[in-house]
Amino acid sequence: MLVSWKWLKELVELDKSPDEIAQLLTMSGIEVESIKSLKRGIEGISVALVQVVKKHPQADRLQVCQVVTGGDRVVTVVSGATNLEVGQKVPLAQVGAVLANGMKIEKTDFRGIESEGMLCSVEELGLDADKFSSEERDGIYILPVEFEVGQDIVSLLGLDDFILELGLTPNRADCLGMVNVAREVAALTGGNLKLPVVDDVEQNGECADMTSIEIQEPSLCKRYVAKVIKDVKVAPSPFWLRHRLMSVGVRPINNIVDVTNYVMFEMGQPLHAFDYDLLAENRIVVRRGTSGEELVTLDGQKRSLNPDMLIIADAKKSVAIAGVMGGLETEVTQKTKTILLEAAFFNGPSVRRTSQALGLRSEASQRFEKEVDLEKVSQAAHRAVQLMAQIGAGTPITGNVDCFPNPEKRESIVLRLSRINQILGTDLTPIIVEDILELLQIKVVNKEANTWTVATPSHRRDLLGEIDLIEEVARLYGYDKIPTTLPQGATTQGKRTWEQKVRSEAASLLSMQGLYQVITFSFINPRHFDWLMLPEEHPLRDAVAVSNPLSEEQGVMRTTVLPGLLEVVRKNSNKRNKDLAIYELGKVYFKEGFLDKTTLPKEKYILTAAAAGFSEKNWAYPAIEYNYYYLKGVLEQLLSRLGIRLDEVAFLACKDMQFLHPGRSAKIMIRDQEAGWIGEIHPLVLENYEIEQKTTIFTLDLELLTKEANERIAYQSIPRYPAVTRDLAVIVPENTEVVDVTKLIQEKGQPWLKQISLFDQYKGKQIEKGFKSLAFSLSWQAEDRTLTDEEVNLLHKEILVVLALKVGAKLRV
Amino acid sequence: MREKLEMLKKRAQEELTGCSSLEVLNDFRVKYMGKKGELTQILRGMGQLSSEERPIIGQLANEIRDSLEASLSKVLQNVKIKEIEQRLSHESIDVTMPGVAPNLGRRHPLELVLNRIEEIFVGMGYTIEEGPEIELDYYNFEALNIPKDHPARDMQDSFYITKDVLLRTQTSPVQARTMEKMRPNLPIKIIVPGKVYRRDDDATHSPMFHQVEGLVIDENIRFSDLKGTLLSFAQQMFGSERNIRLRPSFFPFTEPSAEVDVSCGVCGGAGCRTCKHTGWLEILGSGIVHPRVLEMGGYDPEKVSGFAFGMGVERITMLKYDLDDMRLLFENDIRFLHQF
Ligand SMILES: [Zn+2]
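So the sequences go chain by chain: A and B.
Residue 12 is where the first sequence starts when you use our numbering, and the numbers rise one by one after that.
Residue 5 is where the second sequence starts when you use our numbering, and the numbers rise one by one after that.
Here chain A stands alone, though its shape is the one from the complex:
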């Protein structure tokens, strides 16, 4: 809502600046988003009378004018305009004046004739050119003849004004009318209201003989008021009205339409004028649209109507879409002699649905959607008629037709002082509360022991219960004056759940190991499932679709974080960020059992990490390749730090993950439960994502991780006797899995083998083809003594025998 400061000042006494009022409004819940001055820097431009217009002797396209300005001074001006005539009043910028574009006027010689100033167009005056007709735009702006010569243009054009832009919350639609903004300001400042006086409305009268109203849908149209104006002379509106409308961003059309717009801004009640003679049987029927029915609206578009829309019709056809837009056929034109003026109350949700369905939103529909002041509908119509008569647009027919099938009785509200103070934490006195009620024009009907029964003013349709009034009291009293306290109840123990702790810990552990946390969108393009080469029927395709996504890119809820991470890898590689180790901790969503209102889709947290490229180079150590083993190491460290024993974690080679390298992927098992997978992305998938680097990913089910993670650390005593560390290098067939060899060594090494680690793996020249060499470092230790070399030698021999037997191993010499 745009509020003209000058207009506001006509409605309420103000002794404060626009900034001060803006501050007051903002702090009382009517946010003033901006304040703009309409005077775009123009200076020294005044009214002048055109006395002489002659062609320039040397230039066909120029006119030489003599204009009279203040103090009967005659000024010669050369102009290129073609719309100048003797006797016109025009805006004159004399030498020294400044135009809206910042240009300063100087004496200028036009082929031998000196111009002592410039006559201005609307644009040069800083007016919004879009709001004018093309003839007005192109020439000098011709002013009303009644303007006095020499007067400064700024106040005459209403440019000495400020426009306050209100950001209204949905409950304060009343402030879509200037009179209610004025009421609000009066409540805040105590200033006197000077609202327009509307004559008493005479019921029926002559008007009732000329038309009738039939409301077929009283639930969608609570009230419909019609007035008739005859002897209509459609013409441009007076200057003040045009400029008033322009100041709040409305384009003037003609005197009839301009008045309806003016009253809409003034009272918040949209109005519509029909050409009375074009209404079949000159009457109005408010009904639902019928399917197949069509209406050409004012914007020239043919609209299909349907029974969900409320329609204004005459005896035969639809003539408007209620509250949204009028029909072209019954529009007021130059030929119009008599108009029927509509003021109505339409059901807000109905107008909202219709305007959304048609994609038509207007100042009017916006007001109807939030519902107008039901009790002032007739007054608004009357106000408009009064204004039309005042500006000579037509002659009102006496009386009106007011169809108001079920006048609403507003409930009174009980307001308790104790409740106010209890909710707010204040200690307000009855007098403070009563003062506030009075400022808001809320009438006390009854008072008993600090409990009031009150009646709210009709324009405040948002005040329905006690809590609404408590808010009003708090608002007017000032939130800043309410004390600052903390809740008094019993103290509570704040905490995170175990699951929340595990999630947070897992993220920290990954970041500590050098991975960056990323956050990608929960919705993905369903085509990712193809890019991941998932077969039809694959469980990851069981995605929940968004019915109204912004684009196909965000068409379904992700069932895997893979696409998100792969895109992060691609985008970063494109930007030459080559060393990438990232993870995301977030939800995936599965349709699984999602049918109706009772079951929602399954949501679960997963942890997914991806790595590609190399760690950053440094001068001391070689860069680490971010490959399978790197990420597996990160993963093992993570699991171990979460309290999961690595000897209970297994990696089972698998070939059935379509998006992974079949020779470089594994299922992650924790105590024989599938916890996720790890693997290098299949080269064809990488190609689909235009990723050039090898990329490895793992994903972990956080539900299982939460179940298996363990905070308990059982201390084990540090052995008193030193360990004996010995290497063991064996040659085994190439396809032997290290995990099997390790297990055999561990079994045989009981109970003295404390640690085993693989420190070398070798395939190549020095080894027979089809075999590989594995070198382990074994650490031996007994609780009660230092083991002797002989004992350890014997153990190694026994291990070799077992390895030879079970996996065909030989000692490497």
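In short, the hints are calculated from the structure, not lab data.
Among these hints, one or two may not hold up.
Stated by the list, open to error - Computed list of lysine-lysine pairs in BS3-like fashion (alpha-carbon distance at most 30 Å, straight line):
no., chain 1, residue 1, chain 2, residue 2
1, B, Lys307, A, Lys506
2, A, Lys506, B, Lys280
3, A, Lys582, B, Lys324
4, A, Lys602, A, Lys666
5, A, Lys492, B, Lys324
6, A, Lys492, B, Lys307
7, B, Lys185, A, Lys586
8, B, Lys307, A, Lys454
9, A, Lys602, B, Lys84
10, B, Lys307, A, Lys602
11, B, Lys324, A, Lys602
12, A, Lys598, A, Lys615
13, A, Lys598, B, Lys280
14, A, Lys506, B, Lys199
15, A, Lys613, B, Lys152
16, A, Lys512, B, Lys185
17, B, Lys280, A, Lys20
18, B, Lys324, A, Lys589
19, B, Lys280, A, Lys47
20, B, Lys40, A, Lys613
21, B, Lys167, A, Lys598
22, B, Lys324, A, Lys586
23, A, Lys512, B, Lys40
24, B, Lys185, A, Lys27
25, A, Lys598, B, Lys152
26, A, Lys613, B, Lys185
27, B, Lys280, A, Lys50
28, B, Lys185, A, Lys615
29, A, Lys458, B, Lys307
30, A, Lys506, B, Lys152
31, A, Lys598, B, Lys307
32, B, Lys199, A, Lys718
33, A, Lys776, A, Lys705
34, B, Lys324, A, Lys512
35, B, Lys199, A, Lys615
36, B, Lys280, A, Lys615
To be verified - Taking beta-carbon pairs under 7 Å as the criterion, some of the chain A residues facing chain B (in silico):
no., residue
37, Pro360
38, Gly500
39, Arg507
40, Gln511
Idealized CB from N, CA, C, for every residue including glycine.
For this one, chain A is given, so just place chain B with the ligand on it according to the hints.
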């Protein structure tokens, strides 16, 4: 014998002064004092001396040995220091070369801020609740006093799955869910962090973003308690010198409702570009829980009351780190993430 010893002493002392390395000194020790050293040899030959001479020569020999030992250790010390000095002079490094540290990753800035918010409220006795992101229209709107066709639905254009199921547009549905779960127990003191979704996409809006909702329900919870709680939060989050102000606003599920601003940290409230010359930055919405929401949640609004608040994590993150485009937070450019 005595002469022999005196000669030896003199010769040894002279020789010692010429020793300049640990190696030579070691040879020296072997030569004179070793098992087969000259002095040892002489001492061994003492058996042939008469019993009168023996103690005298013996004492002399011991004196010579002690004096040689003392001189030797003195020279040894000097030589050692010289040798270390020499070694150190070869071992100097370029102390300006960069250090070598393991690569540390980073938490996402939104997570850092989320964690901080959680910590603050956990410290004030709140527990952390969560709820589904794919939510029933009922919990997202109706249970929060936003019936179908309510104009407030205009404020949030939603992503729908079906007619009755949508991506939650706010974390507030967890308010309703928690009340249903907890009733009739008191107090409820929760925060709800999580992802929410709205159909908006530009420099200041992302279709997916994060909110933290707060809800306190107990006997006698007052608007003043809301003020105090939010002041404490703002000061812990942004600094103890910060202040807050509450402006009346509208949310369907709270009344009275308030927008909460924190004083601008850039200008200290004097007005600058960051705060659009108001001295204040909007950080969250809040209010007293609407009696109808309490009723729908199974509590009697005459007996209990509560407050609720909700904040946009992106907004707070942008304020905290001075970001100008929300989309940066979801682009996941490593060069961006590296800065947190
Ligand atoms: Zn500032």
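Verification of the hints:
1. B:Lys307 x A:Lys506: OK: Lys307 of chain B and Lys506 of chain A at ~27 Å, within 30 Å.
2. A:Lys506 x B:Lys280: 38 Å, violated
3. A:Lys582 x B:Lys324: With Cα atoms ~26 Å apart, Lys582 of chain A and Lys324 of chain B stay inside 30 Å; holds.
4. A:Lys602 x A:Lys666: OK: Lys602 of chain A and Lys666 of chain A at ~26 Å, within 30 Å.
5. A:Lys492 x B:Lys324: Satisfied, since the Cα-Cα distance of roughly 29 Å is no more than 30 Å.
6. A:Lys492 x B:Lys307: Distance of about 25 Å is within 30 Å: holds.
7. B:Lys185 x A:Lys586: 49 Å, violated
8. B:Lys307 x A:Lys454: The hint holds at about 28 Å.
9. A:Lys602 x B:Lys84: 79 Å, violated
10. B:Lys307 x A:Lys602: The given pair, whose Cα atoms are some 41 Å apart, is violated under the 30 Å limit.
11. B:Lys324 x A:Lys602: 38 Å, violated
12. A:Lys598 x A:Lys615: 5 Å, holds
13. A:Lys598 x B:Lys280: Violated: Lys598 of chain A and Lys280 of chain B sit about 37 Å apart, past 30 Å.
14. A:Lys506 x B:Lys199: Within the cut-off at roughly 21 Å; holds.
15. A:Lys613 x B:Lys152: It holds: about 26 Å lies between the C-alpha atoms, which stays within 30 Å.
16. A:Lys512 x B:Lys185: Roughly 22 Å between the alpha carbons, so the hint for Lys512 of chain A and Lys185 of chain B holds.
17. B:Lys280 x A:Lys20: 27 Å, holds
18. B:Lys324 x A:Lys589: Answer holds: Lys324 of chain B to Lys589 of chain A is near 29 Å, not above 30 Å.
19. B:Lys280 x A:Lys47: Distance ~14 Å between Lys280 of chain B and Lys47 of chain A Cα, so the pair holds.
20. B:Lys40 x A:Lys613: 91 Å, violated
21. B:Lys167 x A:Lys598: 23 Å, holds
22. B:Lys324 x A:Lys586: The hint holds at about 26 Å.
23. A:Lys512 x B:Lys40: 74 Å, violated
24. B:Lys185 x A:Lys27: 52 Å, violated
25. A:Lys598 x B:Lys152: Given pair Lys598 of chain A, Lys152 of chain B holds - Cα atoms ~29 Å apart, limit 30 Å.
26. A:Lys613 x B:Lys185: 20 Å, holds
27. B:Lys280 x A:Lys50: 22 Å, holds
28. B:Lys185 x A:Lys615: Cα-Cα ~20 Å, so holds.
29. A:Lys458 x B:Lys307: Status holds; Cα separation ~24 Å.
30. A:Lys506 x B:Lys152: Distance ~36 Å between Lys506 of chain A and Lys152 of chain B Cα, so the pair is violated.
31. A:Lys598 x B:Lys307: At roughly 38 Å apart (the allowed maximum being 30 Å), Lys307 of chain B and Lys598 of chain A break the hint.
32. B:Lys199 x A:Lys718: Holds - the C-alpha atoms of Lys718 of chain A and Lys199 of chain B are around 24 Å apart, at most 30 Å.
33. A:Lys776 x A:Lys705: 27 Å, holds
34. B:Lys324 x A:Lys512: With Cα atoms ~25 Å apart, Lys324 of chain B and Lys512 of chain A stay inside 30 Å; holds.
35. B:Lys199 x A:Lys615: Holds, at about 13 Å.
36. B:Lys280 x A:Lys615: 42 Å, violated
37. Pro360: Holds: closest Cβ of chain B sits about 3 Å from Pro360 of chain A, inside 7 Å.
38. Gly500: 4 Å, holds
39. Arg507: Given a least distance of 6 Å, the restraint on Arg507 of chain A holds.
40. Gln511: With a closest approach of 6 Å, the Gln511 of chain A hint holds.
Consistency note: the structure conflicts with the earlier hints numbered 2, 7, 9, 10, 11, 13, 20, 23, 24, 30, 31 and 36.
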